[in-house]
Structure formats: C-alpha cells, structure tokens
Amino acid sequence: MRVVGFQNPHRNMKKSTSRSCLLGFALPLLTTAGSVVSAVTVNIDFGLTDNHPDGEVTALYSGTAAAPDSGTVWNEVTVVDNSAFTGPPGEFGFWTTNVSVPGLVDSQGLATTLGVTIHAAGPDGTGAFGILAGSTNIGAVATDAVNLMRDYLIGFGDPRTVEITGFGPGTMVDLYLYGAGDTDNRDTTFAVTDVNGLHTATTTGTITGDGGSPVSHTLTLGGDYVVLSGLVADATGMITVSYDNGLGSGEAPFNGLQAVYTVPEVSSLLLSLGALPFLLVRRRI
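If you count by mature numbering (1 follows the signal peptide of the UniProt record, and there is no 0), then the sequence shown holds residues -38 to -1, 1 to 247, one letter each, in order.
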C-alpha cells in the first residue's frame, strides 16, 4: 500500500541541524569582521593665504611629526590675513570669517569623511602669524618641522575653537596638538570637553628661547605639542578643540594637529558578507 504525504523526520532534522551549524559559523565570522579596525591619521597644518612680499612665511608641511604614523601627507588649511597691522598682509593680522575645509585626506593621501572648521571670534576676529624666511625667529621653531611650526592661528585672551567633524558617533580619538610660537612667552592651553568631562593640556612656551636668541631643538612633547588621548566624538561625530593663552603668555599659537582614530576594515567585512550566501545555501539531502 502506498502512503501519501509521508516525510522523513530524519531528513528535516538534518536540514535543521545543518542550517544551525552554518549560522553558528557565519555569525561569529561577521562579528569578527566588524571588529577588525585599522588606524587612520589625519594631519592638518594651519597657515596664511599669502606670503610676505619680502619672502616666504607660510608653507605646507610634509612629514611624520610626532604621531606614531609613517604617512607624510598633510591637509593645508589657510586663513585670509585681511587686515594686517604689522607689516604687509601675509605676516601678521586678523581674519574675521570662519574657514571650513571638507573632504580631508589621511596621512597616506586617501579620502576620509573628516572636515575641519576654524572659527573667527572676538571683536577683531582671530589672529594669524607666519615667520618670515631669513628672520632669526625661524631658528626658534622645531628643526624637524619648520613648515608646521612657522605659521599658526592665534588666540588672544579668550578661547577660540576649531571643530573636527565626520567621525562616527562615539569614535575614540587621540589628538596631537601643536602650540608653539617664535619666542619664549607663547604658550597654549588646549581643552576638549566630551562625554568623559574636560580634558586639558598646556605647552610650556619656554623651549624656543627668545626670538633674538633662539634655541635649536626638534619637536618636543610639552614644549611644542601636547597629546589629548581617548577623546570621544559626540553624537554628531564632532570634536571641538578650544585654544587659549596660558599664564604669563600674551597669545596662544595653534600650528596644527594630528587626529589618530580607528575605522572598521571594510574589505574584511565585505569579504565575510560575500561569503554568507554560500554558507546559507540549503543542502539537498
């Protein structure tokens, strides 16, 4: 006698077991792929739009600076020195309009999601300065990063801000912040407030020596730059850096910065996602 509609229960059990095993393999694979990250460093060199008629005062730096990274590519972010009060434009002055640069590249020259905005503030705007080539003051900046340290933004008596945008919300970032001028009474207090509270660090402002008697040196932690580690980007993916002059200093230089953070390794994630359909193909038994 023929029995209609009979199904082998062992067959269904095999299918269920097989799918469970495959899913059990696939899910850890995806989880692991999502956790694979790579370090990215984005470098920013602040400077002036124009050079002095008598010579160079601003140039884009190329090098590794202080961050633990081998890339040498920097993003140039310049301001318009539109109302100089010491010498011709291109040496010392103020700008009064915010400057935003999107689409920053990393230290290897690859595109990132980051952008930066430097804010003009105060009744006269925000200051900027560049050391004229041939001046004795050029000897006061770090010899291994002259083009990074020779030109800078300036804070006067009340905080100015720089915003870095485009991080993933909650991304942890280490910032290398450069704040040294061309003489020994220039020190900068940097501050960032995130979900963990206030983070501050101040450059000493004494390593350069007097502009007339400069002290030759290379980039020095605490003297030329400070590091704020483990900063957390806010819900919009932004970190805001405040800079102001420290005690005994008439101004606060901000030469540039390096942002070191991690991002998911996209190739690993895509590779795992591409393999998933093959893992979930129903076995025919």
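Hints listed in this document are in silico derivations from the structure and should not be mistaken for laboratory results.
Source: prediction; values computed, not measured.
Glycine included, every Cβ here is placed at the ideal spot set by N, Cα and C.
Treat the hints loosely; a few may be bogus.
[Stated by the list, open to error] Derived Cβ-Cβ restraints for the label pairs, each shown as a range: (1) A95 - P131: 30 to 36 Å; (2) P226 - A83: 31 to 37 Å; (3) G174 - T198: 43 to 49 Å; (4) S(-1) - G96: 40 to 46 Å; (5) N60 - G192: 39 to 45 Å; (6) D86 - A197: 16 to 22 Å; (7) T198 - G119: 37 to 43 Å; (8) P226 - G174: 20 to 26 Å; (9) L183 - P85: 15 to 21 Å.
Each hint tested on the structure:
1. A95 - P131: 30 to 36 Å: violated, 44 Å
2. P226 - A83: 31 to 37 Å: holds, 36 Å
3. G174 - T198: 43 to 49 Å: holds, 46 Å
4. S(-1) - G96: 40 to 46 Å: holds, 43 Å
5. N60 - G192: 39 to 45 Å: Roughly 28 Å apart at Cβ, these two residues miss the hinted range, so it is violated.
6. D86 - A197: 16 to 22 Å: At 34 Å between Cβs, range violated.
7. T198 - G119: 37 to 43 Å: Distance hint for T198, G119 is violated at roughly 29 Å.
8. P226 - G174: 20 to 26 Å: violated, 52 Å
9. L183 - P85: 15 to 21 Å: Roughly 35 Å apart at Cβ, these two residues miss the hinted range, so it is violated.
Going through the hint list in order, the structure does not satisfy hints 1, 5, 6, 7, 8 and 9.
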